Amino acid sequence: MLNCDQYLMPETLEEALAQWVGAPEGSRLLAGGTDILPWAREGRAGHMHLPAIIDISRVKELHGYDVVDGRVRLGANLVFQRFLTSESLRHHLPCMPHCAVWFADDQIREQATLVGNIVNASPAADGTPAIFAMNGTVEIARLDGGSVARRSVAIGDFITGPGGTTLEAGEILTAVACDSMAGYGGAFEKVGQRRSLVISVVCAVGLVKLSPDKKTFADVRLAMGGIGPVPIRLDAVEAFLKGQPVSRKSILAAVKTAGDLVRSRTRREYRSEVIRGFIERAVEDALADCGVALLPPEMKEAVHVVT
Amino acid sequence: MSSLDMELTVNGRAVKRPAKARMRLLDFLRDELNLTGTKEGCGAGECGTCSVFVDGKLVKSCLMPAAKANGATIETVEGLAKRGGLTYLQQAFHKTGASQCGYCIPGMVMAATGALRENPHAGLDEIKERLGGNICRCTGYSKIFEAVELARDVMNGALPVTALDGPGAGASYIGNNVRRLDAPSKVTGALKYAGDMVMPGMLHMQVLRSPVAHALIKSIDISEAEAMPGVECVITADDVPGEDGFGVFVHDQPIMARGRVRYVGEAIAAVAAVDVETAMAALGKIKVEYENLPAVFDAEAAMASGAPVLHDYAPDNIVKHIPIRKGDVEAGFADAELVVEQSYETQPVEHAYLEPEAGLAYVDHDGVVTVISPSQNITHHRHMLAKIIDRPINKVRFIMSPVGGGFGGKEDMIYQGMLALAAMKSGLPVRLVFTREESIISTAKRHPARITYKMGLKNDGRITAVEFRMISDGGAYGLSTEGVMRKAAILSCGPYDIANVKIDTHGVYTNNTPSGAFRTFGAMQAQFATESHLDICAGKLGLDPFEIRRVNMMRSGASTHTKQKLGSVSLGLALEAAEKASGWESGPSVARGGVRGDLGRAGNREPCTLGARIRTSHDVDTKEDIA
Ligand SMILES: Cc1cc2nc3c(=O)[nH]c(=O)nc-3n(C[C@H](O)[C@H](O)[C@H](O)COP(=O)(O)OP(=O)(O)OC[C@H]3O[C@@H](n4cnc5c(N)ncnc54)[C@H](O)[C@@H]3O)c2cc1C
Ligand code: FES
Ligand code: FES
Numbered sequence: 000m001l002n003c004d005q006y007l008m009p010e011t012l013e014e015a016l017a018q019w020v021g022a023p024e025g026s027r028l029l030a031g032g033t034d035i036l037p038w039a040r041e042g043r044a045g046h047m048h049l050p051a052i053i054d055i056s057r058v059k060e061l062h063g064y065d066v067v068d069g070r071v072r073l074g075a076n077l078v079f080q081r082f083l084t085s086e087s088l089r090h091h092l093p094c095m096p097h098c099a100v101w102f103a104d105d106q107i108r109e110q111a112t113l114v115g116n117i118v119n120a121s122p123a124a125d126g127t128p129a130i131f132a133m134n135g136t137v138e139i140a141r142l143d144g145g146s147v148a149r150r151s152v153a154i155g156d157f158i159t160g161p162g163g164t165t166l167e168a169g170e171i172l173t174a175v176a177c178d179s180m181a182g183y184g185g186a187f188e189k190v191g192q193r194r195s196l197v198i199s200v201v202c203a204v205g206l207v208k209l210s211p212d213k214k215t216f217a218d219v220r221l222a223m224g225g226i227g228p229v230p231i232r233l234d235a236v237e238a239f240l241k242g243q244p245v246s247r248k249s250i251l252a253a254v255k256t257a258g259d260l261v262r263s264r265t266r267r268e269y270r271s272e273v274i275r276g277f278i279e280r281a282v283e284d285a286l287a288d289c290g291v292a293l294l295p296p297e298m299k300e301a302v303h304v305v306t
Numbered sequence: 000m001s002s003l004d005m006e007l008t009v010n011g012r013a014v015k016r017p018a019k020a021r022m023r024l025l026d027f028l029r030d031e032l033n034l035t036g037t038k039e040g041c042g043a044g045e046c047g048t049c050s051v052f053v054d055g056k057l058v059k060s061c062l063m064p065a066a067k068a069n070g071a072t073i074e075t076v077e078g079l080a081k082r083g084g085l086t087y088l089q090q091a092f093h094k095t096g097a098s099q100c101g102y103c104i105p106g107m108v109m110a111a112t113g114a115l116r117e118n119p120h121a122g123l124d125e126i127k128e129r130l131g132g133n134i135c136r137c138t139g140y141s142k143i144f145e146a147v148e149l150a151r152d153v154m155n156g157a158l159p160v161t162a163l164d165g166p167g168a169g170a171s172y173i174g175n176n177v178r179r180l181d182a183p184s185k186v187t188g189a190l191k192y193a194g195d196m197v198m199p200g201m202l203h204m205q206v207l208r209s210p211v212a213h214a215l216i217k218s219i220d221i222s223e224a225e226a227m228p229g230v231e232c233v234i235t236a237d238d239v240p241g242e243d244g245f246g247v248f249v250h251d252q253p254i255m256a257r258g259r260v261r262y263v264g265e266a267i268a269a270v271a272a273v274d275v276e277t278a279m280a281a282l283g284k285i286k287v288e289y290e291n292l293p294a295v296f297d298a299e300a301a302m303a304s305g306a307p308v309l310h311d312y313a314p315d316n317i318v319k320h321i322p323i324r325k326g327d328v329e330a331g332f333a334d335a336e337l338v339v340e341q342s343y344e345t346q347p348v349e350h351a352y353l354e355p356e357a358g359l360a361y362v363d364h365d366g367v368v369t370v371i372s373p374s375q376n377i378t379h380h381r382h383m384l385a386k387i388i389d390r391p392i393n394k395v396r397f398i399m400s401p402v403g404g405g406f407g408g409k410e411d412m413i414y415q416g417m418l419a420l421a422a423m424k425s426g427l428p429v430r431l432v433f434t435r436e437e438s439i440i441s442t443a444k445r446h447p448a449r450i451t452y453k454m455g456l457k458n459d460g461r462i463t464a465v466e467f468r469m470i471s472d473g474g475a476y477g478l479s480t481e482g483v484m485r486k487a488a489i490l491s492c493g494p495y496d497i498a499n500v501k502i503d504t505h506g507v508y509t510n511n512t513p514s515g516a517f518r519t520f521g522a523m524q525a526q527f528a529t530e531s532h533l534d535i536c537a538g539k540l541g542l543d544p545f546e547i548r549r550v551n552m553m554r555s556g557a558s559t560h561t562k563q564k565l566g567s568v569s570l571g572l573a574l575e576a577a578e579k580a581s582g583w584e585s586g587p588s589v590a591r592g593g594v595r596g597d598l599g600r601a602g603n604r605e606p607c608t609l610g611a612r613i614r615t616s617h618d619v620d621t622k623e624d625i626a
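Chains as they are written, first to last, in numbering that gives the first Met the number 0: chain A, 0 to 306; chain B, 0 to 626.
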């Protein structure tokens with residue numbers, strides 16, 4: 000049970016920042032609440048009585064998104080379902096519909112924010128690797144004197160470990176900005192114990208841009224989650240594939256450049272096998288999203304099992 | 000404690016009233032507005048029994064602080080149809096028989112309504128995906144999907160409204176689809192399960208559970224908890240007036256731990272207070288002193304000499320040993336051309352019925368101690384409780400509330416005794432509703448089993464002898480273990496005619512969560528071993544798996560290992576049907592692996608993929624570049 004002395008619902012960023020900086024020790028910010036409410040249950044943190052909960056979901060400055068100069072800026076209140084329902088976001092962030100459709104379920108996605116997912120900093124978070132792959136930065140605000148001071152941090156520097164970020168006391172994350180990936184094909188791979196409502200054991204995101212003749216890889220973005228304390232970008236694989244001809248051979252050769260990526264302490268062998276398959280699949284699914292299918296769908300499972 | 004003035008619209012009506020800060024939208028709807036069609040199956044976003052529309056978006060109300068709904072327009076299952084009516088979707092659920100225990104059904108109806116509102120032409124894959132956040136443990140989903148597709152077609156005019164009419168029983172109930180009488184109450188959320196029931200002056204119970212697996216209880220100090228304002232009573236084993244002990248066979252489990260605790264999660268004490276928070280706070284004030292005892296968590300270790308003993312009456316920790324002997328196994332093995340030995344292990348399994356345990360007890364005007372609960376065994380419970388509370392049987396009454404899924408897991412009188420004691424001690428009605436976590440930690444599981452199998456066979460597949468030994472972890476108390484061991488022994492070797500068998504099943508006490516009844520009652524564990532073993536033997540003999548079963552199957556007139564004469568046996572027909580339906584390619588299954596030709600046929604189950612709604616329809620050119 001999550002109880003509190005005060006449940007606050009500020010409507011402006013200044014108001015939210017002022018309440019947050021003045022909140023007693025132990026207070027929490029709450030966006031969708033889909034991480035915090037289950038956290039305050041038996042077997043996890045247990046029943047919680049917090050001094051204050053500051054619910055930022057009605058702060059207008061944190062709503063919506065915009066696209067400026069090739070960067071997409073997603074407000075902190077943006078929920079995962081919008082990656083499926085917004086035409087424009089689908090166009091600019093082609094990996095996100097795939098990520099979203101595997102994320103929780105339709106109902107939770109109406110509540111769960113991308114920013115909550117990032118700040119929660121679970122090694123299994125599905126949203127964070129995608130933002131990483133798109134050169135994401137987080138925008139942070141705090142009160143400095145009477146006015147709002149802002150800073151921004153690259154996602155790779157923001158997340159420091161399980162549950163750990165470089166967010167300071169009194170700060171609120173206001174937005175996430177990332178490259179517009181319009182023209183890329185996107186993919187998201189995820190494995191857990193079941194399909195709906197499942198936390199990832201491993202997840203991977205892939206983005207592929209083809210040369211105009213569709214014969215070579217013009218750009219590739221790959222990131223993975225669930226295999227260590229923080230998500231990782233697969234720089235070596237990305238660099239290898241750039242300029243390579245589009246073929247299974249290129250992809251299989253690229254996989255070999257990945258090296259040992261597993262940092263998790265558990266299920267290491269399983270995870271490294273999944274990584275291999277997921278690199279292949281993420282690239283191939285992103286290719287298919289660009290209109291180039293290397294494998295007929297019915298062969299996919301079989302090929303990735305036996306290679 | 001802060002509260003919040005809520006103003007919102009619920010099912011078309013303006014609502015204005017305060018909500019406590021701890022309330023989720025789910026609590027506000029259920030506890031403040033008595034809209035109990037919205038259920039709490041898990042409280043953690045996993046099950047979907049709590050789905051409601053908030054400003055037109057379907058959400059899980061257990062994950063939404065009530066404050067978030069302030070000013071919003073809410074639609075619950077009660078508001079979907081005009082009072083007394085059913086929406087097309089609800090009619091379709093009724094028609095296809097989509098509701099069984101019904102506990103998931105209001106949430107399912109909401110999710111299905113949401114799916115068709117989002118996409119009135121959603122195909123089956125998309126419907127499945129959009130219902131992905133709602134769990135049903137009864138139906139296997141087929142009837143639910145059938146209902147959604149039916150409603151979709153009626154709503155789109157592809158089918159006439161009369162497609163929703165039921166066929167009725169006609170002259171006979173046999174061979175006709177008969178509509179369930181209780182379906183309308185389930186699809187509208189009108190049906191009241193125990194956790195939905197309230198009585199004036201009703202108290203709320205919370206239970207203190209053991210954090211240790213095996214310990215002596217040196218002392219329990221309830222004085223501070225009892226003195227708290229709002230607390231009406233605190234009960235412990237000392238409040239039991241009669242002969243304490245329940246169980247399906249052996250009555251070895253006290254209502255609450257009596258001097259000794261035997262598993263993590265066992266009830267130690269219970270508080271009845273004016274509200275759940277007060278009861279919960281009071282639990283924190285109860286002081287228990289434990290003196291740890293050595294514990295045993297493995298059934299075989301518990302059978303070894305020198306193992307910690309759980310119950311004085313069973314110094315060997317054996318709850319029940321069932322032996323069956325038939326023929327001469329030694330001669331059978333001597334006669335065999337192949338002997339295969341293998342061991343199998345199965346895990347404990349939680350029933351995970353969507354309705355967590357709940358009950359409401361009161362003492363009526365005639366002094367009759369009454370317990371309302373989804374008990375699967377009320378008559379037995381009534382007899383046991385009469386002894387425990389030392390009242391004549393006519394002063395004890397059990398009322399069976401609708402069971403929101405049981406699967407055997409609600410056969411045990413695990414909490415009804417506490418409710419009765421608290422109602423007797425406080426003189427007020429008392430309700431207890433388990434959280435999902437509490438249900439998982441404290442109630443029975445399917446028996447995990449370790450089975451060693453030795454089978455002798457002729458080269459043509461005929462089984463000459465079987466030695467079957469099963470060791471099953473019964474956990475800390477007996478519950479249904481005796482019956483489960485008996486059933487496991489009777490059905491151990493499956494429906495096969497075997498001349499020589501030696502069967503032993505052992506149910507063993509350990510300090511694990513008790514094991515109890517669960518669908519198939521012991522047969523599943525044995526069948527897993529038997530059928531796996533037959534496949535392995537078929538592989539070794541180069542036989543088709545159907546063939547080895549046909550060679551050995553019981554036929555009409557056969558008698559079982561426990562000498563039951565079988566008039567007619569339909570196993571041959573079942574094998575034939577399965578072989579045909581699966582398009583089985585005959586031959587030993589081990590030899591072909593991925594090259595067999597009967598995979599990926601129409602009608603085979605396909606792997607689940609998500610993303611039906613975003614799968615691009617543009618043409619993809621397939622390159623045959625498979626390096
Ligand atoms: C049933 C279920 C299924 C789930 N499935 C998935 C899944 O498939 N994949 C996955 O990755 N996750 C999953 N989750 C986890 C969760 O839904 C996500 O992490 C979600 O994105 C969290 O967002 P939120 O808005 O609900 O966060 P909240 O619970 O509101 O907050 C999470 C954390 O972020 C902080 N926070 C939120 N907003 C800000 C801000 N603007 N500035 C600073 N701090 C902030 C909060 O203080 C808190 O510490 C699931 C959860 C449930 C209950
Ligand atoms: S999802 Fe809300 S009660 Fe289970
Ligand atoms: S009918 Fe779905 S859980 Fe029982």
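What the hints contain is simulated information worked out from the structure, not anything from laboratory work. For clarity, every value in this text was computed on a predicted model and none was experimentally measured. Take these hints with a grain of salt, some might be off.
[Unchecked claim] In silico SDA-like cross-links for lysine to any residue, where the CA-CA straight-line distance does not exceed 25 Å: (1) B:Lys-325 / B:Glu-117; (2) B:Lys-325 / B:Asp-124; (3) B:Lys-444 / A:Thr-84; (4) B:Lys-56 / A:Thr-84; (5) B:Lys-457 / B:Ser-342; (6) B:Lys-15 / A:Gly-25; (7) B:Lys-501 / B:Glu-530; (8) B:Lys-424 / B:Lys-444; (9) B:Lys-444 / A:Gly-45; (10) B:Lys-142 / B:Glu-117; (11) B:Lys-19 / A:Glu-10; (12) B:Lys-19 / A:Pro-23.
Hint check:
no.: 1; hint: B:Lys-325 / B:Glu-117; verdict: violated, 63 Å
no.: 2; hint: B:Lys-325 / B:Asp-124; verdict: violated, 52 Å
no.: 3; hint: B:Lys-444 / A:Thr-84; verdict: violated, 42 Å
no.: 4; hint: B:Lys-56 / A:Thr-84; verdict: holds, 12 Å
no.: 5; hint: B:Lys-457 / B:Ser-342; verdict: holds, 21 Å
no.: 6; hint: B:Lys-15 / A:Gly-25; verdict: violated, 31 Å
no.: 7; hint: B:Lys-501 / B:Glu-530; verdict: holds, 18 Å
no.: 8; hint: B:Lys-424 / B:Lys-444; verdict: violated, 31 Å
no.: 9; hint: B:Lys-444 / A:Gly-45; verdict: holds, 24 Å
no.: 10; hint: B:Lys-142 / B:Glu-117; verdict: holds, 21 Å
no.: 11; hint: B:Lys-19 / A:Glu-10; verdict: holds, 21 Å
no.: 12; hint: B:Lys-19 / A:Pro-23; verdict: holds, 20 Å
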